[in-house]
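2 protein chains.
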Amino acid sequence: MFDRMAEKITPRTQDFSEWYQDVVLQAKLADYSPVKGCMVIRPNGYAIWERIQSNLDRRIKKTGVRNAYFPLFIPESFLKKEADHVEGFAPQCAVVTYAGSKDLEEKLVVRPTSETIINSMFARWVQSYRDLPLLINQWANVVRWEMRTRLFLRTTEFLWQEGHTCHATPEEAEQETRQMLQVYVDFAEEILAMPVVPGLKSESEKFAGALRTYSIEAMMQDKKALQAGTSHNLASNFAKAFGTQFLDSDGKQKFVHQTSWGVSTRLIGGMIMTHSDDKGLVLPPRLATTHVVIVPILGNSPMKPQVLEAADKLAQAIRDAAGKSALPYEIGVDVDRDETKQPGWKFHEHELVGTPLRVEIGPRDLEKGQAVLTRRDTGAKEFIAIGQLPEKAVTLLAEIQAGLLEKARAFRDANTFTVRSYDEFKSKIDSGGFFVAPWCQDKACEGRVKEDTKATIRCLPLGSDFTPIAETEPCMVCGRSESNRVRAIFARAY
Amino acid sequence: MFDRMAEKITPRTQDFSEWYQDVVLQAKLADYSPVKGCMVIRPNGYAIWERIQSNLDRRIKKTGVRNAYFPLFIPESFLKKEADHVEGFAPQCAVVTYAGSKDLEEKLVVRPTSETIINSMFARWVQSYRDLPLLINQWANVVRWEMRTRLFLRTTEFLWQEGHTCHATPEEAEQETRQMLQVYVDFAEEILAMPVVPGLKSESEKFAGALRTYSIEAMMQDKKALQAGTSHNLASNFAKAFGTQFLDSDGKQKFVHQTSWGVSTRLIGGMIMTHSDDKGLVLPPRLATTHVVIVPILGNSPMKPQVLEAADKLAQAIRDAAGKSALPYEIGVDVDRDETKQPGWKFHEHELVGTPLRVEIGPRDLEKGQAVLTRRDTGAKEFIAIGQLPEKAVTLLAEIQAGLLEKARAFRDANTFTVRSYDEFKSKIDSGGFFVAPWCQDKACEGRVKEDTKATIRCLPLGSDFTPIAETEPCMVCGRSESNRVRAIFARAY
Numbered sequence: 211m212f213d214r215m216a217e218k219i220t221p222r223t224q225d226f227s228e229w230y231q232d233v234v235l236q237a238k239l240a241d242y243s244p245v246k247g248c249m250v251i252r253p254n255g256y257a258i259w260e261r262i263q264s265n266l267d268r269r270i271k272k273t274g275v276r277n278a279y280f281p282l283f284i285p286e287s288f289l290k291k292e293a294d295h296v297e298g299f300a301p302q303c304a305v306v307t308y309a310g311s312k313d314l315e316e317k318l319v320v321r322p323t324s325e326t327i328i329n330s331m332f333a334r335w336v337q338s339y340r341d342l343p344l345l346i347n348q349w350a351n352v353v354r355w356e357m358r359t360r361l362f363l364r365t366t367e368f369l370w371q372e373g374h375t376c377h378a379t380p381e382e383a384e385q386e387t388r389q390m391l392q393v394y395v396d397f398a399e400e401i402l403a404m405p406v407v408p409g410l411k412s413e414s415e416k417f418a419g420a421l422r423t424y425s426i427e428a429m430m431q432d433k434k435a436l437q438a439g440t441s442h443n444l445a446s447n448f449a450k451a452f453g454t455q456f457l458d459s460d461g462k463q464k465f466v467h468q469t470s471w472g473v474s475t476r477l478i479g480g481m482i483m484t485h486s487d488d489k490g491l492v493l494p495p496r497l498a499t500t501h502v503v504i505v506p507i508l509g510n511s512p513m514k515p516q517v518l519e520a521a522d523k524l525a526q527a528i529r530d531a532a533g534k535s536a537l538p539y540e541i542g543v544d545v546d547r548d549e550t551k552q553p554g555w556k557f558h559e560h561e562l563v564g565t566p567l568r569v570e571i572g573p574r575d576l577e578k579g580q581a582v583l584t585r586r587d588t589g590a591k592e593f594i595a596i597g598q599l600p601e602k603a604v605t606l607l608a609e610i611q612a613g614l615l616e617k618a619r620a621f622r623d624a625n626t627f628t629v630r631s632y633d634e635f636k637s638k639i640d641s642g643g644f645f646v647a648p649w650c651q652d653k654a655c656e657g658r659v660k661e662d663t664k665a666t667i668r669c670l671p672l673g674s675d676f677t678p679i680a681e682t683e684p685c686m687v688c689g690r691s692e693s694n695r696v697r698a699i700f701a702r703a704y
Numbered sequence: 211m212f213d214r215m216a217e218k219i220t221p222r223t224q225d226f227s228e229w230y231q232d233v234v235l236q237a238k239l240a241d242y243s244p245v246k247g248c249m250v251i252r253p254n255g256y257a258i259w260e261r262i263q264s265n266l267d268r269r270i271k272k273t274g275v276r277n278a279y280f281p282l283f284i285p286e287s288f289l290k291k292e293a294d295h296v297e298g299f300a301p302q303c304a305v306v307t308y309a310g311s312k313d314l315e316e317k318l319v320v321r322p323t324s325e326t327i328i329n330s331m332f333a334r335w336v337q338s339y340r341d342l343p344l345l346i347n348q349w350a351n352v353v354r355w356e357m358r359t360r361l362f363l364r365t366t367e368f369l370w371q372e373g374h375t376c377h378a379t380p381e382e383a384e385q386e387t388r389q390m391l392q393v394y395v396d397f398a399e400e401i402l403a404m405p406v407v408p409g410l411k412s413e414s415e416k417f418a419g420a421l422r423t424y425s426i427e428a429m430m431q432d433k434k435a436l437q438a439g440t441s442h443n444l445a446s447n448f449a450k451a452f453g454t455q456f457l458d459s460d461g462k463q464k465f466v467h468q469t470s471w472g473v474s475t476r477l478i479g480g481m482i483m484t485h486s487d488d489k490g491l492v493l494p495p496r497l498a499t500t501h502v503v504i505v506p507i508l509g510n511s512p513m514k515p516q517v518l519e520a521a522d523k524l525a526q527a528i529r530d531a532a533g534k535s536a537l538p539y540e541i542g543v544d545v546d547r548d549e550t551k552q553p554g555w556k557f558h559e560h561e562l563v564g565t566p567l568r569v570e571i572g573p574r575d576l577e578k579g580q581a582v583l584t585r586r587d588t589g590a591k592e593f594i595a596i597g598q599l600p601e602k603a604v605t606l607l608a609e610i611q612a613g614l615l616e617k618a619r620a621f622r623d624a625n626t627f628t629v630r631s632y633d634e635f636k637s638k639i640d641s642g643g644f645f646v647a648p649w650c651q652d653k654a655c656e657g658r659v660k661e662d663t664k665a666t667i668r669c670l671p672l673g674s675d676f677t678p679i680a681e682t683e684p685c686m687v688c689g690r691s692e693s694n695r696v697r698a699i700f701a702r703a704y
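Residue numbers (my numbering), protein chains in the order written: chain S, 211 to 704; chain R, 211 to 704.
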């Protein structure tokens, strides 16, 4: 396998979707499994998930949330207790009908999400206002039967975290929903270097069973939108279905107000489609395991031992420099000593898997006291004195992380348009991008856009980033000015 | 809920099994779920699992293993490809028969273990001897339909890690099997403070599909054995079933030689039954999140602000002392500021959840420049000068960790007996313990012991800890000296 010259990656301009698949498979991030719609996450991909988990887990815990684990199986009757919820999820459920060599009395659904099973426990655990807020998260696998799947982006089984909280008042639930949305925004931008728009989902796009759904939306390099995380205000919908009540300090029994929020292995797909290029994966340093690879150029040189020794010393010097720096993570530095491969093959391989920095050092470099340092993101190469290389490498890692976010943000901004006329929108939608427009909040207008153009409302963006469009303008679709207009982002999406 | 005075814990001497359940439920480690046999791991319990995961994961990775993730579902036909494997697992399987509102063409088994689905991928990934060894681990949930379940010890769904490796030769596979067994021994003793006997399973107790199974066996406080981890040499059994072959350096196609090995959330149950007492959980410091709790004794004292300030300062001083010490982990120090609870209630509560050290400090203590330091494991209390307390606390944490292992080891050794006569064995088995005896390796003798006494062969212990019994002595059960005798440990087990 390691002998094979890597296959060619389809260029993005030729076929974006083929390009994506080529990168995922050739960088050995994931593979198709024999089970329809289920993927295998290979070590290179799982290492990225581990970085995501450990960083996000820390952020979630900082807000006072604790991890727990709830059963994989949900009795079928539980799912049916919340009417919208079962309507939304039943068509996607995988169902266990026999177990232990017997037909089950009650069928068990493999969790598509855990609001119902968790509420059955919350109803037992919550008694008094002193038990609130109850802040729980779980890292788990979930199953949603999908017809059309795509590695990381949409798979029958995926890994995620799902937070579930109970609060005494509607205000606190709304505050928690928004707080976790902000955690996702910060995480996506600081760690994945993926700029996102936080916003409110339209009624027709909200979570089945929620009062209100917020999401973060990212723009991929093909200018399509990717929903990268959601945070739901569930009000008391599940609490009423399961009897999750508490005795308040005023002596009255009340239903709790709840939230749930989650991000999944889909983030890996989003990160790939945000940064990677025709050579393969471009990995933000915060997600890398190996940050710097040193390739000694040996050939048949009699200086081989000296070059290898210099490479090892340099590796240690880079680790030391990172340790002493303000870099908020530990870095991995490898020396690629494999003598069965040519340097050219190695360069190609390290580009494919996205190692942020590459150092080349050969006998002639050693004589001159220098080495070649190459950035994966820009491809920029420079000769640099060995003594200065460690500090430079550390500086570059921070620059690459910041640069990837900036570049992606500039790309998104350049492809975000304000539109007021439906004709203009229809003439532009085929070239992709985010379209910010006034919308009358009528489902009919939302539906018409989808039918005409396959674009959907990604969100009603929060904040003031899109002020060129005033909420007082007439609806882009129907032109009416009677009902409450809002600013909506229309786009084609994954 | 926090108002309720904690219920009474059944004493161990009265009913060990009730005691265990009381500790698990009252310390809020786990709870029963509405799904038969499935448990909910509550935050106090899950925090222990997170400690187990992060430490063991580091040890596994140190041996060169990388994490990955394979599908939850296994096509039914895969399970049938290895004859012993399907015979062992089929009766315990939960099966998905419809999904996405349709009957499935091929039923999907919820993984009881992943040798088959993983081999279907290994068969694709392994081509050449240069791809070997292939060393993979996954952290996952698995499902085995159990009739009689017990929180943590035996549940329908449980969490575990399962390692799966491929090697070029039988010798390397055996070496890997033994290496991972040793990783489990070290982990159990150094982190869980749970002494274990590593050994070989008898033919009738080995993993369905393995050539050979090793296990680590621990003794609980009721003198029953608990199998705490297993490591299997699978030979080429699964490789042949799935065609996992490689082109060796001699130009020949060969089947890989494989291993698999795992530990699960059962370890938490084992840890509880090893150390805990009639007041609740006793937690080895390596598994604690809060290592020291400081309880300010306030009453109506006018010195309340001073006491609270002293408590906060002390907490920071303990953290600092730990940071500067050789203690190989970060410690958590909490000040229990809850003014709605009495100190007595708090002492009880912190004992229940197993916090290793408790500090009490009140106005009179403050005047004298002292505090009270209490160990959870022994209950020993002492007055100590506030200036000396931080270093003392750090020393005690190390002492508690070592002391728990020593105590458990002494208990096990005191209840491990060598027996040569079957009558003697039968007269002693009811009082519990490990019985080391010569065995002729005949299944009939093994079966007879089980029928007569409910005891099973836990393992054929490795190493020389049990040399009083020579392998040349006649079988304890049948008295024969013809066949190959071995030393076996007989015990009743969980």
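Hints listed in this document are in silico derivations from the structure and should not be mistaken for laboratory results. None of the values given here were measured: they were computed from a predicted structure. Careful: at least some of the hints might be erroneous.
It does not matter which identical chain is meant; a pair holds if it fits inside one copy or across any two.
[Stated by the list, open to error] Straight-line C-alpha distance at most 27 Å; calculated DSS-like pairs for lysine-lysine:
id, residue 1, residue 2
1, K291, K450
2, K290, K534
3, K272, K591
4, K450, K578
5, K312, K416
6, K246, K291
7, K290, K218
8, K450, K602
9, K514, K653
10, K218, K556
11, K290, K514
12, K462, K450
13, K312, K464
14, K602, K534
15, K450, K238
16, K246, K317
17, K664, K636
18, K317, K290
19, K246, K312
20, K271, K638
21, K290, K578
Cross-check of the supplied hints:
Proximity of K291 and K450 under a CA criterion of 27 Å is satisfied intra-copy only: 9 Å inside one chain copy versus 48 Å between copies. Taking CA atoms no more than 27 Å apart as the test, K290 paired with K534 passes in neither setting, with 56 Å inside one copy and 56 Å between copies. For the identical chains of this complex, K272 and K591 are neighbours neither inside a copy (40 Å) nor across copies (34 Å), given an alpha-carbon limit of 27 Å. In the homo-oligomer, the alpha carbons of K450 and K578 never lie at most 27 Å apart, since the shortest distance is 75 Å inside one protomer and 55 Å across protomers.
Proximity of K312 and K416 under a CA criterion of 27 Å is satisfied inter-copy only: 26 Å between copies versus 38 Å inside one chain copy. In this assembly of identical chains, K246 and K291 lie within 27 Å of each other by CA distance solely across copies; the values are 19 Å between and 30 Å within a copy. With identical chains, the CA atoms of K290 and K218 are never at most 27 Å apart, being 49 Å at best within one copy and 38 Å at best between copies. Taking the shortest Cα distances, K450 and K602 never come within 27 Å of each other, neither inside one copy (59 Å) nor across copies (52 Å).
Taking identical chains as interchangeable, the C-alpha atoms of K514 and K653 are never at most 27 Å apart, the minima being 70 Å within one chain and 60 Å between chains. Taking the shortest Cα distances, K218 and K556 sit within 27 Å of each other inside one copy (15 Å), while across copies they are farther apart (65 Å). Taking the shortest Cα distances, K290 and K514 never come within 27 Å of each other, neither inside one copy (70 Å) nor across copies (53 Å). Within a single copy, K462 and K450 get their C-alpha atoms as close as 15 Å, which meets the 27 Å cut-off; across copies the closest is 66 Å, which misses it.
When the C-alpha separation of K312 and K464 is checked against a cutoff of 27 Å, the pair qualifies neither within a copy, at 41 Å, nor between copies, at 40 Å. In this assembly of identical chains, K602 and K534 lie within 27 Å of each other by CA distance solely inside one copy; the values are 13 Å within and 31 Å between copies. For the identical chains of this complex, K450 and K238 are inter-copy neighbours only, at 25 Å across copies versus 46 Å inside a copy, given an alpha-carbon limit of 27 Å. For a Cα distance limit of 27 Å, the shortest separation of K246 from K317 qualifies both inside one copy, at 22 Å, and across copies, at 12 Å.
Proximity of K664 to K636 under the C-alpha cut-off of 27 Å is restricted to the intra-copy arrangement: shortest distance 10 Å within a copy versus 77 Å between copies. In the homo-oligomer, the alpha carbons of K317 and K290 lie at most 27 Å apart both inside one protomer (12 Å) and across protomers (24 Å), since each shortest distance falls under that limit. For the homomeric pair K246 and K312, the shortest alpha-carbon distances inside one copy (25 Å) and between copies (14 Å) are both at most 27 Å. For a Cα distance limit of 27 Å, the shortest separation of K271 from K638 qualifies neither inside one copy, at 43 Å, nor across copies, at 51 Å.
For a Cα distance limit of 27 Å, the shortest separation of K290 from K578 qualifies neither inside one copy, at 73 Å, nor across copies, at 64 Å.
Comparing the model with each earlier hint shows violations of hints 2, 3, 4, 7, 8, 9, 11, 13, 20, 21; every other hint is respected.
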